[in-house]
Amino acid sequence: MTAPGEEMYALVERLYPLCRSITGDGVRATLEIVGEYVPLKVHEVPTGTQVLDWTVPQEWNIRDAYIADPAGNRVVDFAASSLHVLGYSVPVSAVMPLAELRAHLHTLPDHPAWVPYRTSYYQPEWGFCLAQETLDALPDGEYEVRIDSTLADGHLTYAEHVVPGQVPDEVIVSCHVCHPSLANDNLAGVAVATFLARALAEQTPYYTYRFIFAPGTIGAITWLARNAERIDRVKHGLVLACAGDRGHLTYKQSRRGDAEIDRVMRHVLTASERPYRVVEFTPYGYDERQFCSPGFDLGVGSLTRTPYAGYPEYHTSADNLDFVFPEAMADTLAVCREAFAVLDRDRRYLNLSPYGEPQLGRRGLYDALGGRSDTKQAQMAMLWVLNLSDGEHSLLDVAERSGLPFDTVADAAGALRGAGLIKA
Amino acid sequence: MTAPGEEMYALVERLYPLCRSITGDGVRATLEIVGEYVPLKVHEVPTGTQVLDWTVPQEWNIRDAYIADPAGNRVVDFAASSLHVLGYSVPVSAVMPLAELRAHLHTLPDHPAWVPYRTSYYQPEWGFCLAQETLDALPDGEYEVRIDSTLADGHLTYAEHVVPGQVPDEVIVSCHVCHPSLANDNLAGVAVATFLARALAEQTPYYTYRFIFAPGTIGAITWLARNAERIDRVKHGLVLACAGDRGHLTYKQSRRGDAEIDRVMRHVLTASERPYRVVEFTPYGYDERQFCSPGFDLGVGSLTRTPYAGYPEYHTSADNLDFVFPEAMADTLAVCREAFAVLDRDRRYLNLSPYGEPQLGRRGLYDALGGRSDTKQAQMAMLWVLNLSDGEHSLLDVAERSGLPFDTVADAAGALRGAGLIKA
Amino acid sequence: MTAPGEEMYALVERLYPLCRSITGDGVRATLEIVGEYVPLKVHEVPTGTQVLDWTVPQEWNIRDAYIADPAGNRVVDFAASSLHVLGYSVPVSAVMPLAELRAHLHTLPDHPAWVPYRTSYYQPEWGFCLAQETLDALPDGEYEVRIDSTLADGHLTYAEHVVPGQVPDEVIVSCHVCHPSLANDNLAGVAVATFLARALAEQTPYYTYRFIFAPGTIGAITWLARNAERIDRVKHGLVLACAGDRGHLTYKQSRRGDAEIDRVMRHVLTASERPYRVVEFTPYGYDERQFCSPGFDLGVGSLTRTPYAGYPEYHTSADNLDFVFPEAMADTLAVCREAFAVLDRDRRYLNLSPYGEPQLGRRGLYDALGGRSDTKQAQMAMLWVLNLSDGEHSLLDVAERSGLPFDTVADAAGALRGAGLIKA
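Protein chains in written order, with the UniProt record's numbering: chain A, 1 to 424; chain B, 1 to 424; chain C, 1 to 424.
If you are wondering where the hints come from, they were derived from the structure by calculation, not from laboratory data.
For glycine and all other residues, C-beta sits at the position ideal for the given N, C-alpha and C.
None of the hints are false.
Pairwise CB distance ranges, derived in the manner of DEER restraints:
hint, chain 1, residue 1, chain 2, residue 2, range
1, A, A137, B, Q379, 33 to 41 Å
2, B, D258, C, R256, 23 to 31 Å
3, B, G420, A, E133, 45 to 53 Å
4, B, Q379, C, E280, 40 to 48 Å
5, B, D258, A, S272, 31 to 39 Å
6, C, V95, A, Y206, 55 to 63 Å
Next comes chain A alone, as it looks inside the complex (with noise of 0.2 Å):
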């Protein structure tokens, strides 16, 4: 069997040539993609929705789209690459002078080699990106420009995936499914979604997981104000992106800060061998925007690599396939797992026999032989759960204060409940 890592590499390889906006059939052939892994649920919302504060766009779907120089030749061309287009172009047909072209064409000038990403959604517009050099060299003269695309009533597309739980409370899992051949933001992100939901669907876990593959901001947008009845269920989240370059693991807390998904991340992050960084929430950056807004609060944090904007290959044509790798992906995987699977076992128990210590021994919960200093780690963890286990406290609480590891503590938890000395 193929490793993860691999696995979701060839998924990235597979979906980064497709042309994705936040609307059209680049989307929902993304989706079917995706679909091959893990079930999805696609919905369908008409333009015109209104969606909390916006409303759903017209639908966006381009077949070809070109720069042809005075000799006729494609200097800019759709087929090369998705990212040549203005996203959300109207569509063009004209021949007019360089001059006059400049003032719809996006370069780098940074990064001459590079092809910027650019979009007009809600504003009219037209406009191809390009390397600054292919500009440079561009004769003057007449130009023909054609962009091929249709902007028109029709729908907004996203698709869930869910895994059942023992309780109906839900963990989110959001990643944007928007942007065009662009690798680690946010291709990565996507691979990184599937396999999760494919790990988690191993076993059935305590919470419900909801995987949201959706457009962003207005993707966000439209699932939220399409599910207003749900969002009391939603207890944690997790808005995965950059998923895959070199850099390290990235952990942007919540708005709240110490939701229970900041203090799972932060206990595996430290926890682990991994360098990492935990920086505070701000309202820029991915859907956490949304979830994270002042109506809804909820506990949702972001988990990236090399952060939003944080790298100059940051939504340019240089991050493309040779800047995703196997193991970063994989590494994103195996956090990911590990935290839904602390996040997943953290409960608060309540001691039921909370007037001094109860007698393990007699229970067979403690060496009988006493006097010995080396107190094992699992007699320790029982000590620590019944003595912190108030209502007030979560497993989480205790592995960090008694410094255990929190496996060592929940498996403790398993032994009490066990012996019906502590309730959940």
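Given chain A, put chains B and C in place with the hints provided.
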């Protein structure tokens, strides 16, 4: 136009020769001069008036005082410095040997050239303050001592200047006007308060600013006693003293420690390039002692340069016109203005569209072209204000949490309010 | 008169040879000797009594125990040290080959000359503890083993000594009396508790101090079970153990971490010149485990020198009379006395004149001569007590916030109370 530092220094020079005390004509003359700069409402409170736990004492006035040596030379002369007489000295006219006189003489053996400042307000006493080296040079013999003072029923005098604001909630600024010829403590404070009042009146501020020029302790107590019904309106306050020496600024926090004035002063001092110190409240110092007594517990801090008793010249003749500097007073004034500019704009807003982000673009508040990572500060400020305007956070909270300049945050709030997205 | 260190050491010497356990005549003999120093009320609780989750076990007594080698020599002999027999050993009288005997022998391979301390209270077992080097020297052959012990219905024995105070609120001081010939753990603790009780009785303290001399775990549990109605009166407490070794003092905080005893101990240790450690609560150690179980959650900390299991000699024959020192016990006693002196005077007062400062001068509480900056500590203490006596702050809060010595603060409170300015 003269720079404010020079103007404040000129005011200090005019006030310096006057013999101030907690009552009497020296205070009245002082307030008359200040009244040339800002209109004052002068209050006269009769001797014997009960003020909180205290009683307004008899009024003290002095015309002349001296010690004449056996040869008839005035070796200590009130005409040379108001410091030479023990404040509130009862009248005396006597001839006595030096040995007997010594019990009434106050010197500073560690600083033999300096004259100390001493008072005996509530214990009938007479005395002179002189340089140790003057005392050392006195031959034995019979000395004529004369203090031509009166202690009689009269009044305690204090004054107020009010800058009316948009709301009746008040900020009080207090300075003591009871010290005789001491420049830094507190003529510099009086000068800064006076020019701060002038500056605030240039536009209608949000708060109503009340400046209190009153003798220390008994003056503040008298003001508090006579303004019982106003206290609830006092939201913030600042006691100004020692405002003109060469030392760094020192902000002494209110008793509460986290009052808004404390947070504003810390923010402004931190944001500025100045070196500074913030110290905790102590129940000693200036009239913050009274404003921060536990029954009132007002949000009143104290701003000084070198603080209370923190320099050897403190309460001596060396705290003279050479000890204060126009630039230092100008700097103190500037910080007060910066702080009040923040205080005056700081508000808690409520996001009226708290579910998800409102669509700023269609309101013309957001860059149309997406994908770029160089988000502008003004847009970030809008997102921060929206995210934190939940009724719990003020604009100062937003500035501190976002790391954005307060003015940028306040401007963003203005734009959002203009668009109907937030309300105060 | 002998110094208390020497007296305490003499008490430890007398108690050392006795074979104590959680029940039996060794405990009774111990309490009889302690009773020569302070009057004790001895409690006998019958076997089978239900105490919280536990049951008082059968009483164990032992007269003799030995292993005789094939030549008939007693190679391990209870008469030489009470440590040689596994605590609570069932009787045995048998001859067996060394190979079979080994399963019942306990040694410390890492410390071949030391005899370990082992028990088996709740699992019927017999065994011997001996030096590894003794074991290594044993020839093969048939050994006679004999333990002349009884396990029979009887009683668990503990004792109390009460120093009556001005109020029924109690401070408990607890030490365990169940360890056989181990000097630091816990005869030093017993000795310090005994002399602390004597010292407290010299004057009527504010609190009622209850000293509990009881076997570890089951003794504390028994006391708690039999004093359910008293628990609400227990305001503070201290468990004393390992009080005589050469290590620095270690204070282990109560489960609450901010109980008054925690704050007092930290304050006293910080204020003293001693090196010390303060550690957080853990649910392991001595009887703070029971007092701080979540159902009780009492403000009980634990004072030791080198803490539980923190030295190699712990629970071995090397914790002998050479391991404890008169000066160390005297130092532990001194800190306990200092701490209880603070605890006993710490109170929350209410300023009866909270609006502005009361006029201290007319009450003779303040220097008449103003203007001097060398304000005396006693006056500062009065201002601090007045300022913080709002019902929220105790005198310890005042001492910590002001940086003044607790005694100065408490004396100031006494003066203010005498003047009718504050009330308890």
